[in-house]
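Sequences and hints are given; from them, build the entire structure.
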Amino acid sequence: MINAWAVATLVAVVAGIVGFFVVLRGSSFAAHALPLGTFPGAAAANLLGINPLFGLILFAVLGVAGISQLGRRSRHEVATALSLVTLLGLGTLFLSLTREYSQGVYALLFGEVLGISRAEIVPVAVTSIVASGVTLLLFRPLLLSAISPELGEARGISARRMELWFLALLAFATATALPIVGALLVFSLMVGPAAAARAMTNRPIPAMLLSVGISLLTVWVAISLSYLSNWPVGFFVGAIGAFSYAIGRIWGQFGTMRLRRDVVLS
Amino acid sequence: MPRSMPILLTLIFAPGFFASAPVHTAMIVGGGAAVVSGVVGVFTVMRGQSFAGHALADVSSAGGSVSFLLGINPLLGFLGMAIIAASGTELAGARFARERDLATGIMLGAGLGLAALFLYFDVTSMSTTGAAITVMFGSMFSIPSSIIPLALTVGAIAIVVSVVFFRPLFLASLSPDLAEVQGVRVRMIGLLHLLVLAFAVSLSAMTVGAILSTALLIGPAATSLQLAKSPGRAIALSVLIGIIATWGGILLAYDSFTWTPNHGWPVSFFIVTLIFLFYLAAALPEGRRKRKRIVQAGR
Numbered sequence: 001m002i003n004a005w006a007v008a009t010l011v012a013v014v015a016g017i018v019g020f021f022v023v024l025r026g027s028s029f030a031a032h033a034l035p036l037g038t039f040p041g042a043a044a045a046n047l048l049g050i051n052p053l054f055g056l057i058l059f060a061v062l063g064v065a066g067i068s069q070l071g072r073r074s075r076h077e078v079a080t081a082l083s084l085v086t087l088l089g090l091g092t093l094f095l096s097l098t099r100e101y102s103q104g105v106y107a108l109l110f111g112e113v114l115g116i117s118r119a120e121i122v123p124v125a126v127t128s129i130v131a132s133g134v135t136l137l138l139f140r141p142l143l144l145s146a147i148s149p150e151l152g153e154a155r156g157i158s159a160r161r162m163e164l165w166f167l168a169l170l171a172f173a174t175a176t177a178l179p180i181v182g183a184l185l186v187f188s189l190m191v192g193p194a195a196a197a198r199a200m201t202n203r204p205i206p207a208m209l210l211s212v213g214i215s216l217l218t219v220w221v222a223i224s225l226s227y228l229s230n231w232p233v234g235f236f237v238g239a240i241g242a243f244s245y246a247i248g249r250i251w252g253q254f255g256t257m258r259l260r261r262d263v264v265l266s
Numbered sequence: 001m002p003r004s005m006p007i008l009l010t011l012i013f014a015p016g017f018f019a020s021a022p023v024h025t026a027m028i029v030g031g032g033a034a035v036v037s038g039v040v041g042v043f044t045v046m047r048g049q050s051f052a053g054h055a056l057a058d059v060s061s062a063g064g065s066v067s068f069l070l071g072i073n074p075l076l077g078f079l080g081m082a083i084i085a086a087s088g089t090e091l092a093g094a095r096f097a098r099e100r101d102l103a104t105g106i107m108l109g110a111g112l113g114l115a116a117l118f119l120y121f122d123v124t125s126m127s128t129t130g131a132a133i134t135v136m137f138g139s140m141f142s143i144p145s146s147i148i149p150l151a152l153t154v155g156a157i158a159i160v161v162s163v164v165f166f167r168p169l170f171l172a173s174l175s176p177d178l179a180e181v182q183g184v185r186v187r188m189i190g191l192l193h194l195l196v197l198a199f200a201v202s203l204s205a206m207t208v209g210a211i212l213s214t215a216l217l218i219g220p221a222a223t224s225l226q227l228a229k230s231p232g233r234a235i236a237l238s239v240l241i242g243i244i245a246t247w248g249g250i251l252l253a254y255d256s257f258t259w260t261p262n263h264g265w266p267v268s269f270f271i272v273t274l275i276f277l278f279y280l281a282a283a284l285p286e287g288r289r290k291r292k293r294i295v296q297a298g299r
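One line per chain: the protein sequences are A and B, in this order.
According to this note's numbering, the first sequence holds residues 1 to 266 in order.
According to this note's numbering, the second sequence holds residues 1 to 299 in order.
Simulated from the structure, these hints should not be mistaken for laboratory data.
Built from N, CA and C at the ideal position, the CB exists for glycine as well.
Sample of chain A residues at the chain B side, in silico, Cβ under 7 Å:
{"#": "1", "residue": "82"}
{"#": "2", "residue": "85"}
{"#": "3", "residue": "191"}
{"#": "4", "residue": "192"}
{"#": "5", "residue": "239"}
FRET-style restraints, in silico, Cβ to Cβ:
{"#": "6", "chain 1": "B", "residue 1": "263", "chain 2": "A", "residue 2": "9", "range": "35 to 45 Å"}
{"#": "7", "chain 1": "A", "residue 1": "159", "chain 2": "B", "residue 2": "124", "range": "41 to 51 Å"}
{"#": "8", "chain 1": "A", "residue 1": "61", "chain 2": "B", "residue 2": "175", "range": "29 to 39 Å"}
{"#": "9", "chain 1": "A", "residue 1": "123", "chain 2": "B", "residue 2": "182", "range": "52 to 62 Å"}
{"#": "10", "chain 1": "A", "residue 1": "246", "chain 2": "B", "residue 2": "175", "range": "27 to 37 Å"}
{"#": "11", "chain 1": "B", "residue 1": "124", "chain 2": "A", "residue 2": "5", "range": "19 to 29 Å"}
{"#": "12", "chain 1": "A", "residue 1": "148", "chain 2": "B", "residue 2": "177", "range": "15 to 25 Å"}
{"#": "13", "chain 1": "B", "residue 1": "228", "chain 2": "A", "residue 2": "161", "range": "32 to 42 Å"}
Okay, here's the thing in structure tokens:
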């Protein structure tokens with residue numbers, strides 16, 4: 001239980017930070033596709049008998065490459081959709097070849113938060129710290145490029161490179177957390193709290209802090225409810241995410257007058 | 001060489017392919033899904049709603065799990081959930097692209113959460129651990145043939161609506177501002193498109209599975225939009241590619257029973273791979289042409 005709490009807290013912090021940029025860039029689809037497209041990596045690793053982490057990272061790299069390379073030629077979401085389905089297609093193949101699949105798929109999609117060993121915390125902790133650290137280091141260029149790619153280019157910040165950084169961070173942050181919290185939970189945590197925070201305030205730093213705060217609250221409440229009811233954590237995270245977004249929208253409507261005075265950083 | 005022909009044919013079509021009832025059902029339902037997704041997909045890609053299409057498919061899987069639980073026709077479960085989700089997103093009233101992206105994302109998160117919950121109930125109440133796999137990835141060769149009439153009806157409704165509203169739908173997808181000037185009610189058309197999308201997606205979610213139905217919706221349409229010059233041709237080409245990929249996938253999956261001992265490879269894998277190859281084949285020459293043009297412009 002303590003282990004679950006620690007891992008979920010780590011994931012919530014990263015999701016809150018990275019999620020802020022997901023919402024700002026309007027790339028929920030990538031935030032959904034990267035973790036989901038990464039999960040067949042675990043099945044592939046299982047098939048080859050190697051550490052699942054390598055499989056997950058390999059598929060995360062494939063996902064990032066697919067989205068950014070195909071995205072050059074066509075609409076971004078078409079590229080995302082095609083990368084996702086191709087990776088998942090490979091996933092069905094690996095899953096059908098490894099046989100011991102049902103339980104594994106369920107865990108990878110929806111997570112197994114309540115069965116985490118102490119040894120599993122270390123890689124998640126390391127990647128969480130690295131992903132949060134890099135995001136904070138790149139905070140200004142990422143922010144500028146997300147709000148106005150043209151202005152960023154004028155200041156010498158390549159929009160393409162920032163996009164690659166963003167996708168890589170997204171993939172890296174989710175890949176290691178995936179077997180524990182599941183593809184679904186990572187995605188819900190990235191979009192729900194950050195969307196709520198964005199609806200409440202326009203200022204970047206408070207929005208990011210708020211996003212981390214809501215994300216932590218979501219995870220803690222979801223785990224407690226899941227512990228009490230025995231229902232899957234993913235359900236509670238999704239429901240609380242939608243709920244907090246609705247609250248955020250209403251809050252934002254009431255605060256329009258106040259928000260109008262706020263100046264977007266750019 | 002008259003003798004080699006039958007051998008060649010049995011190499012392509014493994015024995016029993018044409019006599020197998022599950023193959024017939026898979027080809028009819030899968031072909032129907034490919035036609036509907038091909039038509040609706042063109043508008044979906046043009047409108048930039050690939051994410052909505054994917055999200056509806058995923059969310060409709062929650063309906064699939066409910067129908068497992070209630071013992072009702074799975075297509076009704078898929079369809080009901082997709083319609084609820086489509087109306088929900090539209091009601092969120094998102095006018096800007098980023099806001100729409102967010103509303104779709106939130107809807108997807110909540111819907112997947114529901115899917116997790118219902119699958120959990122499925123597993124605990126009936127100990128059907130395979131439900132997660134079936135709902136997510138589909139199992140074409142185990143579609144009951146009794147579903148054919150309902151599936152074809154749902155598909156026909158989606159196609160008829162798309163054809164009847166072809167002009168306003170096309171105009172609103174190409175340029176909402178222009179459509180508004182021409183007197184098209186753009187919001188109504190948007191809602192209509194989402195409902196048609198829900199029909200198309202729930203049909204294909206049942207056949208290739210919730211997640212991979214995105215492949216049938218987006219892949220052929222994106223490929224054909226790169227090649228075709230007129231909307232009619234784009235739709236025809238997209239339908240053609242969808243059918244070739246689906247039937248080709250079924251054939252390869254049937255053949256694959258002889259490749260590895262005891263079990264075949266999944267149909268979804270073959271269909272998705274074929275679609276992806278079609279897309280690459282259409283996209284690569286395009287990229288080369290563009291590069292050439294840039295090089296020439298540089299001189």
